Amino acid sequence: MKLIISLLLVVSFVFSKDEKRMDLIDIPFKEASMLEGYSNVKGIDIHARVINEDEQESYFDEDLTSDGIYPVLTRITNNSKSKVLVYSVDATLNKRLLTLPLQKIIEPYQKKVALKGALLGAVGNVISFGMRVASGADDKEAAEAQAYIEEIRNEFYSKSLKEQLLYPGDTISGFVFFDNKKLKGDNQLAIKMQFMNSLKKYNLETKILP
Amino acid sequence: MKKQLLSLFAIAILFIGCGGVNAPSVQEKVSKRPSMLYQPGSYERMKMKYPLKVGILKLNDKRVFPFYTSDGFFREKDISGLEQLTYLELKRSGLFEKVISINETAPFEITDDFLQKMNQKYNVDMIFVFDVTNFNLFRTKQGSSMTASSFVDNNKEYAQGAFTMELLSSMVGQLIYYDGGYVVWSGEVKRANKIPVSTGDLTSKQLSLLAKNALKPMFDELKKHIATTGKRMAQ
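Quick mapping for you: the protein sequence lines, in order, are chains A and B. For the first sequence, counting from 1, position 28 maps to 28 in the working numbering; every step adds exactly one. For the second sequence, counting from 1, position 113 maps to 113 in the working numbering; every step adds exactly one.
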């Protein structure tokens with residue numbers, strides 16, 4: 001009997017985990033021209049670098065490289081005298097590989113989190129003989145997990161590089177994501193841009209730094 | 001026999017635990033697709049700035065992801081409604097002599113040839129091209145629900161915790177004169193609308209209101225932006 005009570009106490013301790021909240025860092029503000037190795041095209045500065053696994057955990061709570069994703073942290077500063085539109089959604093790697101749609105990155109990650117939560121819940125129910133269901137802990141955890149899944153989506157959204165209009169002096173920072181299976185030694189990032197007082201578009205190109 | 005009963009009991013509990021991580025279900029049945037469109041008021045007409053005919057081209061969807069992605073919630077098909085709304089808002093603004101909707105997408109590089117073609121085919125003096133850069137819904141849980149009490153709804157217990165629902169909308173546009181590709185106006189308009197919801201659910205009616213309260217001021221800003229910063233054209 002004592003053994004069963006101890007087991008139940010251990011189980012309730014293990015499965016009554018803290019609220020799942022992401023403790024992530026924001027992208028620090030830096031102008032592209034402040035960083036070593038930036039490029040300049042018609043007064044627009046661009047800097048791009050790939051982030052390592054530890055940084056990926058800090059920004060996204062996940063090692064994206066192991067999921068086949070190549071995240072590139074990009075900063076663009078408008079040092080010209082005109083407003084410019086940056087077509088970040090159409091960014092290319094080595095002039096041929098298109099960015100991965102954000103949804104394709106988030107959904108497998110969310111499913112992984114959901115599956116892990118469901119499995120832990122199921123195991124917890126078996127071990128505690130359904131006490132978690134009876135106490136309502138199961139429903140609470142389901143709602144918590146759903147909130148966590150949505151937090152993943154919100155984090156990816158806020159940290160991705162979006163199509164945006166840059167006024168003179170403006171800087172945007174964010175990630176563009178590529179499939180890491182088709183990489184070569186030196187990788188080049190290209191993003192189209194357009195000065196809004198004309199119809200001509202230019203290629204904003206830079207080498208992706210390690 | 002006892003062993004068999006115990007195994008059956010264990011399997012039953014295992015299946016009870018596989019409830020997944022779905023959010024609390026919507027309280028009222030959503031039978032109708034939420035409408036995010038509204039009728040712009042004709043009394044909001046502005047002083048005519050361009051006595052010309054303008055053609056609104058199809059929108060370019062440049063968002064990083066769709067309106068909403070999670071299962072069991074609102075999932076959009078397309079956002080052509082925004083195209084209709086842009087047409088209606090500019091048509092009723094009174095800024096132009098005539099506004100028509102053109103069922104064609106602008107090429108990535110707009111050339112003189114394309115502008116001449118538009119002029120000949122639709123008899124328009126100007127075209128309005130725009131990219132939708134944001135039209136997304138975000139649900140964020142506020143505070144900690146583990147420490148708060150739970151609540152019962154429809155005989156089911158849910159974790160208590162406030163959520164905020166935010167709708168973010170933005171677009172970037174250019175108004176181009178057909179002769180020589182002269183950019184008459186260019187700019188970006190952006191609006192967000194946020195409401196608190198206690199359960200994290202959103203009814204069709206709430207969603208419609210959330211969208212309208214973000215879109216209406218955004219289009220008002222677009223019209224005022226064109227009226228005040230659009231280049232003056234000599235007769």
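In short, the hints are calculated from the structure, not lab data. The reader is advised that the hints may include incorrect statements.
Dumping the calculated DSS-like pairs for lysine-lysine here, alpha-carbon to alpha-carbon at most 27 Å [unchecked claim]:
(1) 192/A <-> 190/B
(2) 95/A <-> 53/B
(3) 212/B <-> 30/A
(4) 231/B <-> 205/B
(5) 159/A <-> 104/A
(6) 121/B <-> 81/A
(7) 190/B <-> 58/B
(8) 201/A <-> 62/B
(9) 121/B <-> 83/A
(10) 224/B <-> 159/A
(11) 201/A <-> 231/B
(12) 190/B <-> 62/B
(13) 190/B <-> 162/A
(14) 201/A <-> 194/B
(15) 98/B <-> 162/A
(16) 201/A <-> 159/A
(17) 194/B <-> 231/B
(18) 162/A <-> 53/B
(19) 207/A <-> 104/A
(20) 207/A <-> 224/B
(21) 83/A <-> 58/B
(22) 192/A <-> 216/B
(23) 205/B <-> 83/A
(24) 53/B <-> 194/B
(25) 194/B <-> 192/A
(26) 58/B <-> 212/B
(27) 200/A <-> 58/B
(28) 184/A <-> 83/A
One-sided excerpt, in silico: chain A residues whose CB lies under 7 Å from chain B [stated by the list, open to error]:
(29) 100
(30) 102
(31) 158
(32) 162
(33) 165
What the simulated footprint calls covered on chain B by chain A, stretch by stretch (three residues with Cβ under 8 Å from a Cβ of chain A suffice, anywhere in the stretch; the number is not a length) [claimed, not checked]:
(34) 54 to 67
(35) 98 to 104
(36) 117 to 124
(37) 184 to 197
Model, not experiment: these values are computed from the prediction. Glycine is no exception: its CB is placed at the ideal position from the N, C-alpha and C atoms.
Hints, one by one, checked against the model:
1. 192/A <-> 190/B: Distance ~22 Å between residue 192/A and residue 190/B Cα, so the pair holds.
2. 95/A <-> 53/B: violated, 39 Å
3. 212/B <-> 30/A: violated, 36 Å
4. 231/B <-> 205/B: Given that 27 Å is the threshold and the Cα spacing comes to 40 Å, the pair is violated.
5. 159/A <-> 104/A: holds, 15 Å
6. 121/B <-> 81/A: Roughly 36 Å between the alpha carbons, so the hint for residue 121/B and residue 81/A is violated.
7. 190/B <-> 58/B: holds, 19 Å
8. 201/A <-> 62/B: holds, 16 Å
9. 121/B <-> 83/A: violated, 31 Å
10. 224/B <-> 159/A: violated, 31 Å
11. 201/A <-> 231/B: holds, 21 Å
12. 190/B <-> 62/B: Satisfied, since the Cα-Cα distance of roughly 14 Å is no more than 27 Å.
13. 190/B <-> 162/A: With a Cα-Cα distance of about 13 Å, the restraint between residue 190/B and residue 162/A holds, given a limit of 27 Å.
14. 201/A <-> 194/B: At roughly 35 Å apart (the allowed maximum being 27 Å), residue 194/B and residue 201/A break the hint.
15. 98/B <-> 162/A: violated, 33 Å
16. 201/A <-> 159/A: holds, 25 Å
17. 194/B <-> 231/B: violated, 34 Å
18. 162/A <-> 53/B: Outside the cut-off at roughly 32 Å; violated.
19. 207/A <-> 104/A: Distance of about 25 Å is within 27 Å: holds.
20. 207/A <-> 224/B: Distance ~41 Å between residue 207/A and residue 224/B Cα, so the pair is violated.
21. 83/A <-> 58/B: With a Cα-Cα distance of about 23 Å, the restraint between residue 83/A and residue 58/B holds, given a limit of 27 Å.
22. 192/A <-> 216/B: violated, 31 Å
23. 205/B <-> 83/A: Violated, at about 38 Å.
24. 53/B <-> 194/B: violated, 37 Å
25. 194/B <-> 192/A: Violated, at about 32 Å.
26. 58/B <-> 212/B: Measuring from Cα to Cα gives roughly 21 Å; hence the hint holds.
27. 200/A <-> 58/B: holds, 20 Å
28. 184/A <-> 83/A: violated, 34 Å
29. 100: Not OK, violated: residue 100/A not within 7 Å of chain B, min 11 Å.
30. 102: holds, 5 Å
31. 158: violated, 9 Å
32. 162: holds, 6 Å
33. 165: holds, 4 Å
34. 54 to 67: Answer holds; 5 residues pass the 8 Å Cβ test.
35. 98 to 104: With 0 residues close enough to chain A, the hint is violated.
36. 117 to 124: Our answer is that it is violated, as 0 residues pass the Cβ test (under 8 Å) against chain A, missing three.
37. 184 to 197: holds (count 3)
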